[in-house]
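From first to last, the protein sequence lines are chains A and B. For this note's numbering, count along the first sequence from 1 and bump the result up by 29. For this note's numbering, count along the second sequence from 1 and bump the result up by 5.
Calculated from the structure, these hints are not laboratory results. A portion of the hints provided could be inaccurate.
[Unchecked claim] Covered by chain A, according to a simulated footprint, are these stretches of chain B (three or more residues, beta-carbon under 8 Å):
| no. | region |
| --- | --- |
| 1 | 51 to 57 |
| 2 | 162 to 176 |
| 3 | 233 to 245 |
[Claimed, not checked] Computed list of lysine-lysine pairs in DSS-like fashion (alpha-carbon distance at most 27 Å, straight line):
| no. | chain 1 | residue 1 | chain 2 | residue 2 |
| --- | --- | --- | --- | --- |
| 4 | A | K317 | B | K12 |
| 5 | A | K412 | B | K12 |
| 6 | B | K268 | A | K412 |
Even for Gly, the Cβ is constructed at its ideal location relative to N, Cα and C.
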Amino acid sequence: MAVLPEQVIYMDNNATTRVAPEVLDAMMPYLTQFYGNPSSMHTFGGQIGQAINQARQEIASLLGAEPSEIVFTSCGTESDSTAILSALQTNPEKNHLVTTRVEHPAVKNLCDNLESFTGRKYHVTRLPVAADGVLDMQRFKESLTDDTAIVSVMWANNETGVLFPVEEMARIAKERGILFHTDAVQAVGKIPIRLKETAIDFLSLSGHKLHAPKGVGVLYVRKGTPYIPFMNGGHQEHGRRGGTENVASIIGLGRACVLAAEKMAEENTRVRALRDKLEQGLLSTIPKSLLNGHPSQRLPNTANISFEYVEGEAILLHMNQYNICASSGSACTSGSLEPSHVLRAMGVPFTAAHGSIRFSLSIYNTAQEVDFVLATLPGIIAKLRALSPFWEDQ
Amino acid sequence: MWEYTDKVQDHFINPRNVGEIEDADGVGNVGSLACGDALRLTIKVDANQIITDAKFKTFGCASAIASSSVLTEMLKGMKLEEAKKLTNDDIAKALGGLPKEKMHCSVMGREALEAAIANYTGALLPMAQGEVVCECFGVTDLEIIRAIRENSLTSVEDITNFTKAGGGCGKCEGKLRALLAETVEGTAGLPAGAPRKKRMTTLEKIKKIEEVIEREIKPTLKKDGGDIQLVDVDGDFVTVSLRGACANCSSSRTTLKEYVEKKLREQVLESLIVEEDK
Chain A
30 MAVLPEQVIY MDNNATTRVA PEVLDAMMPY LTQFYGNPSS MHTFGGQIGQ AINQARQEIA
90 SLLGAEPSEI VFTSCGTESD STAILSALQT NPEKNHLVTT RVEHPAVKNL CDNLESFTGR
150 KYHVTRLPVA ADGVLDMQRF KESLTDDTAI VSVMWANNET GVLFPVEEMA RIAKERGILF
210 HTDAVQAVGK IPIRLKETAI DFLSLSGHKL HAPKGVGVLY VRKGTPYIPF MNGGHQEHGR
270 RGGTENVASI IGLGRACVLA AEKMAEENTR VRALRDKLEQ GLLSTIPKSL LNGHPSQRLP
330 NTANISFEYV EGEAILLHMN QYNICASSGS ACTSGSLEPS HVLRAMGVPF TAAHGSIRFS
390 LSIYNTAQEV DFVLATLPGI IAKLRALSPF WEDQ
Chain B
6 MWEYTDKVQD HFINPRNVGE IEDADGVGNV GSLACGDALR LTIKVDANQI ITDAKFKTFG
66 CASAIASSSV LTEMLKGMKL EEAKKLTNDD IAKALGGLPK EKMHCSVMGR EALEAAIANY
126 TGALLPMAQG EVVCECFGVT DLEIIRAIRE NSLTSVEDIT NFTKAGGGCG KCEGKLRALL
186 AETVEGTAGL PAGAPRKKRM TTLEKIKKIE EVIEREIKPT LKKDGGDIQL VDVDGDFVTV
246 SLRGACANCS SSRTTLKEYV EKKLREQVLE SLIVEEDK
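Whenever a hint applies, use it, and build me the whole structure from the sequences.
Structure (structure tokens):
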């Protein structure tokens, strides 16, 4: 049975977001009348190139970058792979990568595979995090060697929202002549970014995390940074990424970036206040619940809370009865048999790791929705705890 | 999103027979917090060897709860001899099927039933006496061989779906492949009674460590305003985090090595090494 959008309380915006109505409006002409190929010689197709360049300008503006530094891709994952593989190819004599233990699978699995499928030609340092998810900067400095080709560290963690000091890390890497990439998929649109004022070489973003559609991403490549394309083909993106442009989605992403700039203040005031109310309400009314991640060094929209002695999938499915959408770091929801690698890296105890729920809000959430979740969740947790063989001992 | 049948959803949202029978005749405990699912099954057996009551408590996902719930319904009024013959497939079928990645939930139900019956009859559990193949989830070769045979498994992925073996670090993949080949060719055999060499499984190790920490170590540290939490067990390496007053105490290292490690070595395993999670 279908669940309609107006029925749901959507608090899973770190997974994906709704396409903003303004974004869809901007896209529609390119899905209907203006179907030309921007590479064509005729005006009907060629004029679309101008629209793409306007989107490029809008995206660069949100990032504090130059339009020429924006390369369109199909998703955040493609951007990540492009940046990291480019850095390894342009530094053929270097075989070391530095990353963290809490990266998104797009970076984590690429690094794992680089290590295992190349007969250990490449070796990877995965920086640990503290119990609150924060990186140890001393460890980072010590990890850099003359053999390090690239550092890839996410700007904001998708599960906990914890922010990493990537600007400072990029500066440190630059001093050592090491390229720096950041997966900023969760950060773009939520916190101010001025790439011009940083030493970041590569930044990945994904359209569908900021109210543009799925299937479009961006790789920022700093002017002057050596670059080798991942997708080879035609001359699109000045030969930096082959393949006919996903025109409508690119136009949509441009519009989404304009909206994000307009709404950033709201994200950091109203959305943050909703998140804080939700978080504090849950922590204070539900016993044995705890916050995962640093309380302040965090995105304004994300709250990751563990409810001890209950299992995440069971919580989510009960929430689903009320059409409340969120996600969990439990083993059962990941399709693997182990809980989230992020929570494990933070040393979240077993009693809590399996019962973690991530709420991620957006500007479309309301105070009424937060109140509804606050009224509903304690009953769900109590019901599941009544079933749990571990709870009675508490 | 898992494709659960209406039956699974019903038993999950409205679980039957939740709780514990106070004067139970048989108790079966399987799984652990660390593994992500656990089930405590209690049964009542009358003079005619009929199961008159069954109750459960489960920590786990929807299919674990539903498997436990439907099992208790099946057991009520069943002859003990019949209950002994129940397989995981019977449980899955009673739910109208389970996603294949969730078949281990039905296996957990069957194992709890076996444990409860063994507890009632006083018999030894044969499956636990095998040699541990998957260290992460404490799965023995006997359990794997049985799952392969009874469910006609054909791949390592199947084995993981049914027993969880191989679902953690993946180091046992080679062994699982070998067991699969042996079993399918019919050369591997269930034991004819003689128990094999018994060693502590990772699961038993974790449980025992948890128990010693909760029973002895925690109360002692709490007297000084401190606290301790078990973070991870990897082989012989036990990672704990010291909390409260212990966290900033200059002698926390001494506490860790001279007290925590010593206690765990005495009571669990001589080879354990305790480290603090920083």
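Mind listing which of the numbered hints don't hold for this structure, in increasing order? 1, 4 and 6
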